[in-house]
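Chemist: Listed below are the residues making up each chain.
2 protein chains.
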Amino acid sequence: MIRHTVVFTLKHAQGSEAERKFLEDALVLTRIPTVEKFERLKQVSPKNDYAFGFSMEFADQAAYDAYNTHPIHVDFVRDRWQTEVSKFMEIDYILL
Amino acid sequence: MIRHTVVFTLKHAQGSEAERKFLEDALVLTRIPTVEKFERLKQVSPKNDYAFGFSMEFADQAAYDAYNTHPIHVDFVRDRWQTEVSKFMEIDYILL
Numbered sequence: 873m874i875r876h877t878v879v880f881t882l883k884h885a886q887g888s889e890a891e892r893k894f895l896e897d898a899l900v901l902t903r904i905p906t907v908e909k910f911e912r913l914k915q916v917s918p919k920n921d922y923a924f925g926f927s928m929e930f931a932d933q934a935a936y937d938a939y940n941t942h943p944i945h946v947d948f949v950r951d952r953w954q955t956e957v958s959k960f961m962e963i964d965y966i967l968l
Numbered sequence: 873m874i875r876h877t878v879v880f881t882l883k884h885a886q887g888s889e890a891e892r893k894f895l896e897d898a899l900v901l902t903r904i905p906t907v908e909k910f911e912r913l914k915q916v917s918p919k920n921d922y923a924f925g926f927s928m929e930f931a932d933q934a935a936y937d938a939y940n941t942h943p944i945h946v947d948f949v950r951d952r953w954q955t956e957v958s959k960f961m962e963i964d965y966i967l968l
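Quick mapping for you: the protein sequence lines, in order, are chains A and B. The first sequence begins at 873 in the working numbering and counts up one residue at a time. The second sequence begins at 873 in the working numbering and counts up one residue at a time.
Hints in this document: simulated from the structure, not taken from any laboratory. Hints may contain errors.
Where chains are identical, the list cannot tell them apart; a pair therefore holds if satisfied intra-copy or between any two copies.
Said to hold, decoys possible - DMTMM-like cross-link-like pairs, simulated, lysine to aspartate or glutamate; straight-line CA separation at most 25 Å:
1) K919 x D947
2) K883 x E908
3) K919 x D951
4) K919 x D937
5) K914 x E962
6) K959 x D932
7) K919 x D932
8) K919 x D964
9) K883 x D932
10) K919 x E908
11) K883 x D937
12) K893 x D932
13) K959 x E891
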């Protein structure tokens, strides 16, 4: 299992319709067959300044690769992520 | 539910006995009654330079507060975390 997470901040104003729409439209990623346990998260620690997170799990590296190259993901990154996200960091985990 | 995560890097050499011992001894945190779903994680994304992570869940803020002030946590932070961790970031999530 590989858990892929990304913590991020949007360019949109907090509580805006554009923010709501981005978070809603991100659910399109769950249509990618290898995506498991997709979660949309609100980042609540005052010790960093990110606002949101996504978390998902893949069975193995092949499933992760299939996500990365899937047209739904490629389109979402190009059309939404690159234009609406101001700052992000990817963190991927495997269980020790 | 609040998911508390911390991504971190140790001062110890990769694969060293000191590294193994730190990760083993961190299991003491699972003795704190409000800690749920404690996970020790290896950070595997090449897009950041952290090496490990811990993840745990709390039922609510009171459970999180009880963890923060619990002597087992306070001692672990003072005796191990502050001396053996070189870099870390805390990220906390709630489900959207």
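Chemist: All hints, please: hold or fail.
Modeler: How the hints compare with the structure:
1. In the homo-oligomer, the alpha carbons of K919 and D947 lie at most 25 Å apart only across protomers (21 Å), although the nearest pairing inside one protomer, at 32 Å, exceeds that limit.
2. In the homo-oligomer, the alpha carbons of K883 and E908 never lie at most 25 Å apart, since the shortest distance is 27 Å inside one protomer and 34 Å across protomers.
3. When the C-alpha separation of K919 and D951 is checked against a cutoff of 25 Å, the pair qualifies only between copies, where the shortest distance is 21 Å, while the shortest distance within a copy is 30 Å.
4. For a Cα distance limit of 25 Å, the shortest separation of K919 from D937 across copies, 15 Å, qualifies, whereas the shortest one inside one copy, 32 Å, does not.
5. Taking identical chains as interchangeable, the C-alpha atoms of K914 and E962 lie at most 25 Å apart whether they share a chain (15 Å) or sit on different chains (14 Å).
6. In this assembly of identical chains, the alpha carbons of K959 and D932 never lie at most 25 Å apart, being 27 Å within a copy and 28 Å across copies at closest.
7. With identical chains, the CA atoms of K919 and D932 are at most 25 Å apart between copies only, with a shortest distance of 18 Å across copies and 32 Å within one.
8. In this assembly of identical chains, the alpha carbons of K919 and D964 lie at most 25 Å apart whether taken from the same copy (20 Å) or from different copies (9 Å).
9. In this assembly of identical chains, the alpha carbons of K883 and D932 never lie at most 25 Å apart, being 32 Å within a copy and 29 Å across copies at closest.
10. In this assembly of identical chains, K919 and E908 lie within 25 Å of each other by CA distance solely across copies; the values are 21 Å between and 29 Å within a copy.
11. Taking CA atoms no more than 25 Å apart as the test, K883 paired with D937 passes in neither setting, with 28 Å inside one copy and 32 Å between copies.
12. Taking CA atoms no more than 25 Å apart as the test, K893 paired with D932 passes in neither setting, with 31 Å inside one copy and 28 Å between copies.
13. Only within a single protomer do K959 and E891 lie at most 25 Å apart by alpha-carbon distance; the minimum there is 14 Å, versus 31 Å between protomers.
Of the numbered hints stated above, those contradicted by the structure are hints 2, 6, 9, 11, 12, listed in ascending order.
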